[in-house]
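Asker: Each protein sequence line maps, in turn, to chains A and B. Heads up: the first sequence begins at 447 in the numbering used here, then just goes up one per residue. Heads up: the second sequence begins at 95 in the numbering used here, then just goes up one per residue.
Hints listed in this document are in silico derivations from the structure and should not be mistaken for laboratory results. Note that CB positions come from ideal geometry on N, CA and C, so glycine has one too. The reader is advised that the hints may include incorrect statements.
[Unchecked claim] Restraint ranges, calculated between C-beta atoms of paired labels, are given here:
id	chain 1	residue 1	chain 2	residue 2	range
1	A	492	B	176	40 to 46 Å
2	A	495	B	298	35 to 41 Å
3	B	146	A	448	51 to 57 Å
4	A	525	B	395	27 to 33 Å
5	B	288	A	503	24 to 30 Å
6	A	507	B	385	29 to 35 Å
7	B	281	A	521	35 to 41 Å
8	A	513	B	222	40 to 46 Å
9	A	562	B	146	45 to 51 Å
10	A	521	B	264	43 to 49 Å
11	A	488	B	335	22 to 28 Å
12	A	592	B	399	50 to 56 Å
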Amino acid sequence: MNLSENDLWLLSYYRSSEINGALFFGRVARTMRPSKLQAEVTHHFADEAQHARYWTECINDLDCDPIRLRGSYQDQYLQAAGMPANLMEIMAITQVFEKRVIGQYHQHLKAPGLHPRIRQTIERIMEDERWHIKYVRDALTEMEGRYGAAHVAETVERFSQADQEVYAKTLAEYGERVAFLRAEAEAR
Amino acid sequence: MTVEAASFRGEISDSYSAIPPQNAIPVLLVASEAPLDARALTAGELTQVAALSGARRGALWLTARRALRLALAGTGRPTDTSAYPFPSPVASLSHSADLAVAAVLAADYDGVVGVGVDIELDRVPDPRTASFFLTESELGWLESVPTDEVPAVLTRLWTVKEALFKADPVNAETTLRDYQVADPAAMRGRATRSGEIDFQYVSLARPRGVLSVAVALSQSSLSQSWKVDPVQTVDFDLMASRISSLISVPIERLAPDATIAELVPDSFMFIEVAVDLQEEFDVILSQHDLKDVHTLGDLAELLQSRQVEQANV
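Full structure from sequences and hints, please.
Answerer: Set out below in structure tokens:
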């Protein structure tokens, strides 16, 4: 076994969060009218499913099997922020969430002694994540006309605050499993 | 949408019967080791070959043109190869050793703006040159490749990058490092140039090397105009019918006094219902609006009032 128990848990948590992300965007995609945004959300849905596959393969390549986790970051997130009620709110929560994901993966890349296979998986996923942020940002800008620029900004701010709360809770809750992340946060 | 190099043949046969998978872009590949008969050259081709210096270059050019002619004929296109300047939206050429390969789109596709092919036989890039054609993340991935597999991987990625470069309709100022492959380990997949243009590619193992084909996809093909369904006027039966199909509950159970919490206990499912109805009836609801909605009757009233209000804005 090439992974510590904590590392295996964390990679499995990433995998579980990607699966939940795929399920979420799949459900959103099927409710939307045909549009450029619907095509992008469908693409996003496919990306998240692929990311889950990348994590499964990465964990397997390191001679382990993923741990079956039902919970994910998104669950706690929606609990704190409240359920999005419309497409703009879905895009706003997605923007905040995607930024958190990139930040999280970026910090993980800085972890000392990171296995090259894990590094490769994170870098591969981050290529897609950058596009996710771009298309969501563009969608929110376009929605300003319909929802009002101030309302869009308020909504993003509301979800950002919830995100900070949930992230702090996650670090506290999972303690040593994500110790390297807490060390990073404290060093700032 | 994927690129499908459905056929690879040394000589073209009378029929082209490859059936590409759904949504695939079929590309016909033809290889040739023999030169085109100089007596068969068109005026345009004679001008082009006359501009080449050296017998070796001339022979290679004629071999490549023979492959291209065969591929053009096989796809029903005009066969004067001088009419296809490169980079071309439909054709590409490559040669390695004495073998030339032509790639031609099997049919015209609105979204495809370029085709590229590259073949490498009996040649492996020097690993020290990897940083000249791979991006930082691709180099990072290369570190995880077992040492004995690196030469084959480098050769494959070299052909992929060359094929992407040739497929790019505006490649005058680009370098191979500008092209990012989504999954360097994959024999087929997608790639991008600095987020500006997307590509699909496929690599094929050959007995003495590897060959890759790429197609460039236009941005307009990604952001095409969409046919918009007409907006419906809210009525309870229509709303109930949509909810019934979303939550798989018989419509008979969806009376105005049915409570939403009982029908849709899963909050993700409720988001799906809420967004679907907003899309269908072209209205906007907020978290605040939904707090006061308890029954399907409440929901229908809310949608109706919002539709009227928002239509008057």
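Asker: If a hint holds in the structure, say so; if it doesn't, say that too.
Answerer: Structure-based check of each hint:
no. : hint                        : result
1   : A:492 <-> B:176: 40 to 46 Å : holds (42 Å)
2   : A:495 <-> B:298: 35 to 41 Å : violated (27 Å)
3   : B:146 <-> A:448: 51 to 57 Å : holds (55 Å)
4   : A:525 <-> B:395: 27 to 33 Å : holds (29 Å)
5   : B:288 <-> A:503: 24 to 30 Å : holds (27 Å)
6   : A:507 <-> B:385: 29 to 35 Å : violated (48 Å)
7   : B:281 <-> A:521: 35 to 41 Å : holds (37 Å)
8   : A:513 <-> B:222: 40 to 46 Å : holds (41 Å)
9   : A:562 <-> B:146: 45 to 51 Å : holds (46 Å)
10  : A:521 <-> B:264: 43 to 49 Å : holds (45 Å)
11  : A:488 <-> B:335: 22 to 28 Å : holds (24 Å)
12  : A:592 <-> B:399: 50 to 56 Å : violated (18 Å)
The structure does not agree with the numbered hints 2, 6, 12 stated previously, though it agrees with the rest.
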